[in-house]
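A.B. asks: Residues per chain are reported as follows:
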Amino acid sequence: MEFKIIMPRIRRELYNKEICACSIFGAMNRDGERFTGAGVMKAIANMHVRGNGLGGGFAAYGIYPQYKDYYAFHLMFTGHNLQAKLSAKKELDAFLCQNFDVVYDEEIPHGDEATVSDPPLVWRYFVLPNKQGEDAKLSDEDYIVGKVMVVNTKIENAYVFSSGKNMGCFKGVGYPEDIGEYFMLDKLYRAHTWTVHGRFPTNTQAWWGGAHPFSLLDTTVVHNGEVSSYGTNRWYLEMYGYACTLQTDTEVIAYAADLLMRRQKLPIDIVAKILAPPIWNAIDQMNEKEKKLLTTLRMVYAPLLMNGPFAVIIGQTGKMIGLTDRIRLRPITAATRGEMFYISSEEASIRLISPQLDRVWTPNGGEPVVGELNSMRKV
Amino acid sequence: MARAVLSESSLEVKQDNQNIEGLEIDATDLGTKELNDQLRDLMLSGAKKVSIRNVCGQRYIGTRLYTPEHLEMEIEIFGTPGNDLAAFLYGHKITVHGNAQDGVGNTMDAGKVVVEGRAGDVLGFSMRGGEIYVRDNCGYRTALHMKEYEGKRPVLVVGGRSQDFLGEYMAGGIVIVLDLQDLAHEANFIGTGMHGGVIYLRGSVKQSQVGGQVDISPIDEFNREVLDQYVSRFLERFPEIGKSKEEILRSQFVRLTPKSKRPYGNLYAY
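These protein sequence lines are chains A and B, in that order. Position 147 of the first sequence, counting from 1, maps to 147 under our numbering, and the rest follow consecutively. Position 270 of the second sequence, counting from 1, maps to 270 under our numbering, and the rest follow consecutively.
Incorrect hints may have been included.
As the list claims (entries may be wrong) - Lysine-lysine pairs mimicking DSS-like chemistry, simulated, CA-CA at most 30 Å apart:
(1) 165(A) - 42(A)
(2) 147(B) - 245(B)
(3) 131(A) - 89(A)
(4) 206(B) - 291(A)
(5) 147(B) - 33(B)
(6) 261(B) - 243(B)
(7) 206(B) - 292(A)
(8) 187(A) - 68(A)
(9) 289(A) - 206(B)
(10) 42(A) - 187(A)
(11) 319(A) - 289(A)
(12) 42(A) - 147(B)
Unchecked claim - With the Cβ distance kept under 7 Å, some of the chain A side facing chain B (calculated, not the full set):
(13) 42
(14) 285
(15) 286
(16) 288
(17) 336
(18) 338
(19) 362
Calculated from the structure, these hints are not laboratory results. By construction, the Cβ of each residue, glycine as well, lies at the ideal position given by its N, Cα and C atoms.
Using the sequences and the accompanying hints, generate a full structural model.
C.D. replies: What follows is the structure, given as structure tokens:
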């Protein structure tokens, strides 16, 4: 698949090195009660020093109950002026009308543009697939994934950054608490699960599409760390039709999760062993059955091993999963309080919004912690 | 060098306030720098004991408290202190009424830290003196590159268990992990690259859990005295544990020491 990455080279400015890392945070009400983004914004702001203002974002589950049966596309149209953004939108609108039934669309409400740097035009569309010809054989999800890839690779300056049902991502360049305020997440939305990210980009330039979360359908990923196997992962995923266009390593984790969990229907315990497999020494210590399973997984899915340090929160409808690399080179703390389930880079952020906790622990490297909705009734 | 610079600008110490006690800082909405500024000001004005309330993620608490006069202070923390608590600590006593995050005692030089809860990753990283007592568990890479030199010998006692890479590249000091709940040590890569110091584990550990450079041996009379001393100090700080020293010391212990003080000697000598 051929596509062009446009990355204007600007004069490099040296900045004072600060000791930072990304911050991740997630909160889930396992009873499905929905709450505003105010709490998670406060929590991520408490880890302000981990980021450097070059990216922040949120994934929110359960925010569009009135449109819950439609796929909610969040689009960003970039460009140097409004004209360029509108022309990208025009092209996208034509593409959507050909391939989907759009039931409603609007600009995503936001605050004063002066408070953030270089915001794109951000629009949402609620759509149903309108499958024609050969495409009629595809499942709705495969159809959506295919079309998202077409938009992201073929339509200049238009990016789908959220495409699930009854959920949505909000992201941009800035500190996460500022991005939350820009999209008014503390006022306009109520979700049963929120994941948040504060970014300290290490390898690529900061831009709105490169902020976390990364998502495809209802799978979202926020990530602290680096995927040094990005190249291998990316080529492998391209064989399955996933095009990495957003210039950030985390993108491959989102697509790997979609491939393994949605298309291949593997349970998270197995997926964790693919993304963060035990090292060979540890496999040698296992019993024959486990040894066979782990050896097979490592051979079949070698190109999906995520090498390098990482801690991620993977969100899906009804699920919030925390996972680190196998030797936990990035921090993760999990906690519960009643029906609330939290995952964070630092415990203090959890305590800030929930001073009393029933249980706090730091999961072992490579072992997923999973929060699941007890009931979908109220969602 | 850093010390020389600090001693030049040595601030005046008010001798008449030697006994100020019961001072309190409310850390609500205070940043890392503001909180540590206040702590330093209080110490320089002669405070001997300070409580900090509502701590929530502020880092480096206790770090900037070096004075050429070796002023010492007791600091009580209520809340959750941020990363690198007691980094470079120089002779103070810090008590955390709750859990601590990553990097407690990073390159700590002297003093005492007591955590009435759990500690995160890299606890006691590069520690070179003083004592740390953690009531519950600790995370990955505890005592990473802990070291000792002549009279300076750091001590770390953990009441619960450690996760992987305990004592990685350890070069000195004493680490005691008590596993008081008898859950058995599950950590792997214990003592990988270890070339100094000693780790005592209550219970036992498999050869496959420790690094190739590590000897596992039973404890002798001398080791028992060491354990006796530090387990007593540990229990003094956490009476809520409700176990007697005798009961703990009766259990089996293993001692992990490096096979060689220069494991890479052949690699780099030419």
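A.B. asks: Is the interface hint for residue 42(A) satisfied, with its Cβ closer than 7 Å to some Cβ of chain B?
C.D. replies: Violated: closest Cβ of chain B sits about 10 Å from residue 42(A), beyond 7 Å.
A.B. asks: Would you settle whether the hint for residue 362(A) is holds or violated, based on the nearest Cβ-Cβ distance to chain B being less than 7 Å?
C.D. replies: With a closest approach of 5 Å, the residue 362(A) hint holds.
A.B. asks: Check whether the Cα positions of residue 261(B) and residue 243(B) lie no farther apart than 30 Å.
C.D. replies: Given pair residue 261(B), residue 243(B) is violated - Cα atoms ~36 Å apart, limit 30 Å.
A.B. asks: Are residue 187(A) and residue 68(A) close enough, with their CA atoms no more than 30 Å apart?
C.D. replies: holds, 20 Å
A.B. asks: Hinted pair, alpha-carbon criterion (30 Å max): residue 319(A), residue 289(A). Please report holds or violated.
C.D. replies: Holds, at roughly 29 Å.
A.B. asks: Would the stated hint for residue 285(A) survive a check requiring a Cβ distance to chain B of less than 7 Å?
C.D. replies: Given a least distance of 5 Å, the restraint on residue 285(A) holds.
A.B. asks: Checking one constraint from the list: CA of residue 42(A) to CA of residue 187(A), max 30 Å. Satisfied?
C.D. replies: holds, 14 Å
A.B. asks: Within a Cα-Cα threshold of 30 Å, do residue 206(B) and residue 291(A) meet the stated pairing?
C.D. replies: holds, 19 Å
A.B. asks: Would you check whether residue 338(A) satisfies its interface hint, that is, whether its CB is within less than 7 Å of any CB in chain B?
C.D. replies: violated, 19 Å
A.B. asks: Is the interface hint for residue 286(A) satisfied, with its Cβ closer than 7 Å to some Cβ of chain B?
C.D. replies: Since chain B brings no Cβ nearer than about 11 Å to residue 286(A), farther than 7 Å, the hint is violated.
A.B. asks: Could you grab the alpha-carbon distance between residue 289(A) and residue 206(B) and see if it respects the 30 Å cut-off?
C.D. replies: Cα-Cα ~21 Å, so holds.
A.B. asks: For a C-alpha distance cap of 30 Å, please report whether residue 131(A) and residue 89(A) respect it.
C.D. replies: Answer holds: residue 131(A) to residue 89(A) is near 22 Å, not above 30 Å.
Checked against the numbered hints listed earlier, the structure breaks hints 6, 12, 13, 15, 16, 17, 18; every other hint is satisfied.
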